[in-house]
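Chains as they are written, first to last, in the working numbering: chain A, 12 to 745; chain B, 151 to 372.
Some clues are possibly wrong.
[What the hints assert, rightly or not] To give an idea of the chain A side of the interface with chain B (calculated C-beta under 10 Å), a few residues: (1) A38; (2) V165; (3) V167; (4) E343; (5) R424; (6) R425; (7) S433; (8) K456; (9) G567; (10) G573; (11) Q575; (12) G578; (13) H601; (14) S605; (15) A607.
If you're looking for bench data, these hints aren't it; they were derived computationally from the structure.
Everything numeric in this text was worked out from a predicted model, so none of it was measured.
Positions of the beta carbon are idealized from the N, C-alpha and C atoms, including for glycine.
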Amino acid sequence: MNLQETYTSLGLSDLEYDRILELLGRAPNYLELSLFSVMWSEHCGYKNSRPLLGRFPKEGARVLQGPGENAGVIEVGEGWALAFKMESHNHPSAVEPYEGAATGVGGIIRDVLAMGARPVALLNSLRFGPLESERNRYLFREVVRGIGGYGNAVGVPTVGGEVEFAPAYSGNPLVNAMCVGLIRSDDVVRARAEVGEGNLVVLFGSKTGRDGIHGATFASDELNEGSEEKRPNVQVGDPFAGKMLIECSLKLLERGLLVALQDLGAAGIASSASEMAAKGGVGIEIDAGLVPLREAGMEPWEVVISESQERMLAVVEPEKADEVLKIAERYELVAAIVGRVADHGELRVLHEGEQIGSVPAEHLADAPVYERDLVEPAYFEEARKLDLSEIPRPEDYETALLTMLAHPNLCSRRSVYEQYDSEVGADTVVRPGADAAVMRIKGTKIGFAVATDCRGRHCYLDPRGGGAAAVAEAYRNLSCVGAEPVALTDCLNFGSPEKPDAYYQLAECVEGMAQACEVFGTPVVSGNVSLYNETELGAIFPTPTVGMVGVLEDAGRHAKPGLQREGDALVLVGDFRPSLAGSEYLEIVHGRISGAPRKPDLQVEKAVSDAVREAIAAGIVETAHDLSGGGLAVALAEMAISGGIGAEARLLPGGRQDVALFGEAGGCILVAVPEGRLGELEEALGGVRHSAIGRTGGDRLVVAGLLDVGLDELRTAHERDLFERHAPEGGHFG
Amino acid sequence: MRIGVTVFPGSNCDRDALYAVERAGATPVELWHADADLKGVDAVVVPGGFSYGDYLRPGAIARFAKVMGPLEDFARSGGPVLGVCNGFQVLLEAHLLPGALLRNASMRFVSRRVRARVEANDTPWTSLYERGEELTLPVAHNEGSYFADERTLRGLEEEGRVVLRYVENPNGSVNDIAGICDEGRSVVGLMPHPERVSDPALGSEAGLKVFESVLRFAGAKV
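Only chain B is shown next, with the shape it has when bound in the complex:
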């Protein structure tokens, strides 16, 4: 099984995501922003960082990168795509997920461990977690306050598309939303960083099951 990790200019969690993918037992594949080619991967991670320096607006320029064409086709046809932090912002800008991420309520960058609860385990990226399971995950962002209009929010809640919810909300997100999925449930955006807690050498493997989940999902499909 091959999992791709996109690399935009300014991505900085790409190597961490490739490392976590490998630890989960998949083959990591680097997907360069300027190549309109997903290299036949089974799933794609859009990693965190400051693509294009976050200039203009986080994710706003990355969504026009060449790699995004095939990535959007892949996502719309049900391929598993995970956006983490800046990757989440990219998926929002590309309209693969609804809503927006605003400046943190504190108006400061926030880097800390927070507790969050898995609300949906019927996505390719969370299937190995229990529903209601509490995880301690790192966040590190400046624009992580999730926002959507009321109708969208109601839809997300009613359709069970809130995937991860903060127990300790670090940024003022509405409904404590830390992660959501699309209508097809295969495209997931998370603000916390599972790839940073995927190695016992760093004291926690709370995030590794994100990558193991998609491995199982792809395996089952084959």
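Chain A with its partners taken away, still in its complex shape:
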């Protein structure tokens, strides 16, 4: 391999190589080139997305830590804080779905752990191609098993998430994992190597092997037929070691033995050490020969960029090192002093005392930045066309509803979430199946809620509107359980930024999200970017997944979607202006993905969500559910099925009936309250538009003149097993 082939194979461009020459003032050796390759990958260096991410609001009264650390942190009250982050593991999951998903969960847990927080909740946002394809069924089944296999064993409950299917994700599934950790506000640890030459660097956790070499570079490339050959680039997870790592890290922090703590993720020791050094303004020396190895004959460069899982790097004062090693041993982990903090500002790699590579840490942390021109995609014109006169009304509304309820995008997620332990930790107040999960904080009345959201199809048809709608939906979902939304993390999944369409989608989605964040007062405190989600068939739908966290002053005052009593009044809160553009109905019943979705009215969105949340906090509302995919009819059906109680509703006058039943509208929430409390509800809603549309009761869902379906029939359609077409396979335990 000549020089150009070498750096190209590591994912570096000619331009980037020239810049390395300029920065170093000499030619890099292979180890140094590898360091740049991983640290300047999109996954670590954000070289395409950084200029755009600056658009996000990052400040807020409750924000203790914004972006730039292992996880964002917000204050929730009574001295407690939450650390949270979402991260993608798309490419590893595309080639090795079980381990790819499992290590995605393990990795995000360690990010939160590195802030000093105990991981207390996991969520995941998944996208696959249609289940008609055997490959997609395999990916779906194994990803779900991988998430459960790791999360269940590591003892952190998986409390929520979402899954959607669309052809755009065939061959390039999305696996976004989110973790929330609980920590005392005073104890937030930052991954900063305190200046103090002579402090020691301790590596603890599992031994280091050859797994995941150049994984970050792989994650920042397009998928193609050769990707299968990169299976050895995928790491292997060990949730048992992950569990020990959690307990050990928390014990070390509790005893005050650590100066700084950093997880090892993409690019392993090299990345963690250089991030620590760059942030602390110090140098770090790592002796690869001191790293405990799992296999013989590893090259020093392999040792420092290996992505072996379940490892953490800590900076420790010399006199405390022995105790750190002793505690690691108690938790059956391997620990070793592998380096020291120095004042030369460089990341130096040694092998048995001899220097084999040296790069100023600030250069590694300073990936080149690419700003590109925005060109509106040509596909918009055709895709946004929608002439309602071409869309026939369904002959039978009941069949249409049952077809939609049984569709993989709208049916019950029970067959997925029942594979996840959602209750370990004994803090889960509202379990999966609601609009958001609610967790309590022991010893207080406080709760927190968390949800993930994104509609890729909406973002495809209108990136700016879809980005805003993703934030709005998360805001609405948290409000529906009674939580005050505080801040969010995101995972920006897009195609190649080197192609104009994907770059435009990225820029516009970010703009839409940023505008929504500003209106809602919910800053972005952490996040992750996953670009190059492309196969030979093209790019995925733009999918900027939002993971939002909110606070409940009283975890007991929450609402759920299931109808709870007969005779409750059903009230639709919001400005109900349904549209078929980009709707599930249009795709499922009419086989079309088209139309220009209405721009979200962010002020109205906020007013509606805030009003419902206040009614829940006041104890007036205990049943609430937002209108989302499938519109009013599907929302009503979900509330009836979930509560085991029927309902009778009437449509508001005007417009086409299929649009009213199945059309989608942002900013609308259905609530149910006892008749006697209608007055209180109206007062609580103030000026927010609302209308009483029916009543709960019986065992059928009735919409006058259009629908009259038994609950059993609805349930049979909705409660389908998403894995029914293939027998689960054995293999991994846990």
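Starting from the structure of chain A, add chain B where the hints point.
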């Protein structure tokens, strides 16, 4: 009254069990796997989780932990011991209870609320329940399908040693068995998690009486 909760590497319901014990009014005591010492507790809970990663077979490695020596002596001398989920698996591997727990019939991990009926209330862990009382309890396991040979099964049924029986069987257990006890009736294994429904803040206290029962049992003994 002091109730111990064993902590193996990979236990993950230990903190939940300690919390439930405290809510029931007892003093929770952590029993570290590597210490052959029960610290003078009056009863022991072996909690759920994935001890030693469930590697080899759930519970197969944990049974050789140092804490198991005194725990087995304690159990054989009539001390109340409760194994929940992975703890049940550990007690089976240690031959303190008969039978085995196999992979769920669905071949999937199953996490849901199930209805189950209390079949025996003459154990230290179920005395405050009515016989025939139906409870809604969480299960979360991969290997929860109880199995025993016919003679053992007949013995369990005839001696009234099936403590808890599923009304909705989530895993294919024979005879819908969700929990059993030993011949002395003080060692109980349950697949559902009572510690997760021991706090009204989580919507149910259906499991709290498990811990209150043993409290009363130990109190009566003193």
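When the least beta-carbon distance from V165 of chain A to chain B is tested against 10 Å, hint result:
holds, 7 Å
Should the interface hint for Q575 of chain A be scored as holding, given a Cβ-Cβ cut-off of 10 Å against chain B?
violated, 13 Å
Holds or violated: is there a CB of chain B closer than 10 Å to the CB of E343 of chain A?
OK, holds: E343 of chain A within 10 Å of chain B, min 5 Å.
Cut-off 10 Å, beta-carbon criterion: hint that V167 of chain A touches chain B:
holds, 8 Å
Close enough to count: is the Cβ of H601 of chain A nearer than 10 Å to one in chain B?
Check failed: Cβ of H601 of chain A comes no nearer than 35 Å to chain B, outside 10 Å.
Holds or violated: S605 of chain A as interface residue toward chain B, Cβ cutoff 10 Å?
violated, 38 Å
Interface hint for G573 of chain A, Cβ within 10 Å of any Cβ on chain B
violated, 13 Å
Restraint outcome when R425 of chain A is required to lie within 10 Å of chain B by C-beta distance
Holds, about 8 Å.
Restraint: K456 of chain A near chain B, CB-CB cut 10 Å. Satisfied or not?
Result: holds, 9 Å to nearest chain B Cβ.
Restraint satisfaction for A607 of chain A [CB to CB of chain B, less than 10 Å]:
This interface hint is violated because 41 Å lies over the 10 Å limit.
Under 10 Å, Cβ to Cβ, is where R424 of chain A needs to be relative to chain B, so tell me if that hint holds or is violated.
violated, 13 Å
May I ask you to test the interface hint for A38 of chain A with respect to chain B, counting a Cβ-Cβ separation under 10 Å as satisfied?
violated, 46 Å
Figure legend: structure checked against the earlier numbered hints; hints not met, in rising order: 1, 5, 10, 11, 12, 13, 14 and 15.
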